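Asks: Listed below are the residues making up each chain.
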Amino acid sequence: MEINTFISKIKKEDRRFLNQLRFVQIICFMFAFIHIIKTIRYFSIDPSTIYINSIDTLIFLSLGIISIKIYNNYNKINYSLSTKDLLIDIIKRYNVDYLKLSIIFSAFIAYNIFKIYDSGNFISIISPIVFSILFILIIISKYKKIRNNAKQLLKELNAD
Amino acid sequence: MNKEHKFNQLVKENEERIKRICKYYSNNSSAQEDMFQEILINIWKSLDTFEGRSSINTWIYRIAVNTSLTFTSKTYKRMDLIISKETNFINEFYNIEDDHPNDVLLDQLQIELNQLSVIDKALISLVLENQSIKEIANIIGITESNVKTKIHRIKRNLKDKLYNYGN
Numbered sequence: 001m002e003i004n005t006f007i008s009k010i011k012k013e014d015r016r017f018l019n020q021l022r023f024v025q026i027i028c029f030m031f032a033f034i035h036i037i038k039t040i041r042y043f044s045i046d047p048s049t050i051y052i053n054s055i056d057t058l059i060f061l062s063l064g065i066i067s068i069k070i071y072n073n074y075n076k077i078n079y080s081l082s083t084k085d086l087l088i089d090i091i092k093r094y095n096v097d098y099l100k101l102s103i104i105f106s107a108f109i110a111y112n113i114f115k116i117y118d119s120g121n122f123i124s125i126i127s128p129i130v131f132s133i134l135f136i137l138i139i140i141s142k143y144k145k146i147r148n149n150a151k152q153l154l155k156e157l158n159a160d
Numbered sequence: 001m002n003k004e005h006k007f008n009q010l011v012k013e014n015e016e017r018i019k020r021i022c023k024y025y026s027n028n029s030s031a032q033e034d035m036f037q038e039i040l041i042n043i044w045k046s047l048d049t050f051e052g053r054s055s056i057n058t059w060i061y062r063i064a065v066n067t068s069l070t071f072t073s074k075t076y077k078r079m080d081l082i083i084s085k086e087t088n089f090i091n092e093f094y095n096i097e098d099d100h101p102n103d104v105l106l107d108q109l110q111i112e113l114n115q116l117s118v119i120d121k122a123l124i125s126l127v128l129e130n131q132s133i134k135e136i137a138n139i140i141g142i143t144e145s146n147v148k149t150k151i152h153r154i155k156r157n158l159k160d161k162l163y164n165y166g167n
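For the record, the sequence lines run as chains A and B.
When you line the first sequence up against the numbering used here, it's residues 1 to 160, in that order.
When you line the second sequence up against the numbering used here, it's residues 1 to 167, in that order.
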């Protein structure tokens with residue numbers, strides 16, 4: 001492959017991914033802003049709505065902040081570290097933060113599905129819970145595997 | 001010098017070396033091409049962080065070795081280390097003086113190399129690249145004595161296992 005074609009290809013890929021993340025950030029902060037307005041507006045009409053609207057605002061703010069973190073991390077990947085330092089970096093990168101991320105994201109999905117299917121029947125309550133549990137399990141198993149591989153390699157490196 | 005120019009120059013100067021490293025990890029030309037591109041992507045991504053503290057040689061090898069340890073890949077534990085009669089410094093791993101091992105010895109060496117752990121394969125690939133103990137220590141990030149011990153152990157094991165095949 002011609003090197004200039006290759007450069008433009010990877011630049012395009014980088015741009016595409018970063019644009020997608022930017023889009024997610026804009027949507028999240030836009031919805032957070034809408035919910036702040038909603039919280040203030042409905043508080044004067046029905047003060048009990050403050051809890052539900054505040055949760056909405058917090059969820060969108062959390063997702064916005066997480067997407068900024070992913071955006072920054074993507075730009076910080078450094079394969080030129082020594083293998084040992086890269087392994088330590090991977091272990092840190094795939095730590096419990098990602099578990100928190102998956103839990104927040106799953107809670108967000110579950111909460112919204114609850115709201116949409118708030119008909120009171122059994123299936124509408126169980127299905128979002130099953131969905132979120134599955135989502136969490138997939139994320140945990142994926143990251144745990146990568147983290148364990150890195151831990152195993154690091155252990156092997158440190159052994160005499 | 002802008003990033004594109006720096007990248008072009010780096011790739012131009014190290015293309016053969018990177019391609020040679022790719023050959024260690026696969027004998028399939030399409031897989032080699034994939035790995036070559038993966039290394040280039042990682043060079044591109046890491047280019048902004050190159051501060052010249054380590055030599056360009058060490059920097060390139062770090063990226064190549066780290067890319068070869070494809071942590072997210074399901075197949076990383078089955079990563080092979082491919083050698084051929086043309087591979088340099090291959091005689092480091094058997095006892096006979098002959099620079100051209102017979103096919104049986106070569107086949108057995110190939111089998112034994114593929115039994116090595118991922119880290120040991122990475123170390124051997126650097127030995128085959130004629131990297132010094134100091135350079136390997138810099139690339140991998142462990143002490144020189146640790147590198148020395150590991151390489152000595154691998155060579156001794158291989159020589160023991162291949163003893164009967166070279167005679």
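These are calculated hints, taken from the structure and not from any lab test.
Keep in mind that a hint or two might mislead.
Covered, in the sense of this in silico footprint (three residues per stretch, anywhere, with C-beta under 8 Å from a C-beta of chain A), are these stretches of chain B [claimed, not checked]:
no. : segment
1   : 35-47
2   : 61-69
3   : 116-125
4   : 138-150
Being a predicted model, the structure only gives us computed values, none of them experimental.
All residues carry an ideal CB built from backbone N, CA and C; glycine is no exception.
Asks: Each of the hints needs a verdict: does it hold here or not?
Replies: Right, here's what the structure says about each hint:
1. 35-47: holds (count 8)
2. 61-69: holds (count 6)
3. 116-125: holds (count 4)
4. 138-150: Satisfied; 8 residues make the cut.
When the structure is compared with the earlier hints, no violation turns up for any of them.
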